[in-house]
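The task is simple: from the sequences and hints, build the whole structure.
Numbered per our numbering, the sequence shown spans residues 21 to 195.
These are computed hints drawn from the structure, not numbers from a lab.
No residue lacks a Cβ here, since even glycine has one placed at the ideal position from N, Cα and C.
Any given hint could be a false lead.
[Said to hold, decoys possible] Label pairs and their calculated CB-CB ranges: (1) Asn22 to Ser171: 15 to 21 Å; (2) Arg83 to Tyr112: 45 to 51 Å; (3) Asn22 to Lys138: 27 to 33 Å; (4) Glu190 to Tyr27: 16 to 22 Å; (5) Thr41 to Gly158: 52 to 58 Å; (6) Ser193 to Val59: 46 to 52 Å; (7) Asn104 to Ser193: 22 to 28 Å; (8) Asp34 to Lys128: 39 to 45 Å; (9) Leu74 to Leu45: 15 to 21 Å; (10) Lys178 to Leu42: 43 to 49 Å; (11) Asp54 to Tyr96: 16 to 22 Å.
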Amino acid sequence: MNEIKIYNSLSRLDKLIALATLCTLLGLFLLFSDRPSWVGWLIVISMGGFPYALVIYHYLDRRPVIIINEIGVCDYRSSKKVVNWEAISDAYITYLYDKPYLALAVQKEFESSYNKGKFQKTYAEFNKSFGFEEMTFGLGMIDINEEEFLSFILSMIKAKQKTQRQSLLESTSFK
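So this is what it looks like as structure tokens:
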């Protein structure tokens, strides 16, 4: 089975570690100054310790984030289920704080909250009020051109046969 595996960008993790190091140095500077020491420790732990742990986790976790094949698309950060191409009616890019998200509009009976309780349905409607769908994949930590990726996803949705999807997978430059 031909598939595309998309991983987290290591260069974006490098930027996060540089920012965490800068904040840690600022916290250490405040520790040895005339200011109260709890302020320095707060900065060192919250702006240094937690981001370092997050970056180490993402460096060691080399699982693919998004897998695309002729059956469907799957985002392992949010769900382990594959969303079939037949269930997807539309796709679009939406932004939250300048971070891109790929929103997949699926048919009502395929939404994950369709068979859930009132709370999950209310939460899903709340997300939709912000321009998201129930199947929304974050693209912020992935080094990819969002517009090209969206056009590829839309062409995969429009392809009706498995052979068309296989040829699209073979001819794409996202590998």
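Consistency of the hints with the structure:
{"no.": "1", "hint": "Asn22 to Ser171: 15 to 21 Å", "result": "holds (19 Å)"}
{"no.": "2", "hint": "Arg83 to Tyr112: 45 to 51 Å", "result": "violated (26 Å)"}
{"no.": "3", "hint": "Asn22 to Lys138: 27 to 33 Å", "result": "violated (42 Å)"}
{"no.": "4", "hint": "Glu190 to Tyr27: 16 to 22 Å", "result": "holds (20 Å)"}
{"no.": "5", "hint": "Thr41 to Gly158: 52 to 58 Å", "result": "violated (24 Å)"}
{"no.": "6", "hint": "Ser193 to Val59: 46 to 52 Å", "result": "holds (49 Å)"}
{"no.": "7", "hint": "Asn104 to Ser193: 22 to 28 Å", "result": "holds (24 Å)"}
{"no.": "8", "hint": "Asp34 to Lys128: 39 to 45 Å", "result": "holds (42 Å)"}
{"no.": "9", "hint": "Leu74 to Leu45: 15 to 21 Å", "result": "holds (18 Å)"}
{"no.": "10", "hint": "Lys178 to Leu42: 43 to 49 Å", "result": "holds (46 Å)"}
{"no.": "11", "hint": "Asp54 to Tyr96: 16 to 22 Å", "result": "violated (48 Å)"}
Figure legend: structure checked against the earlier numbered hints; hints not met, in rising order: 2, 3, 5, 11.
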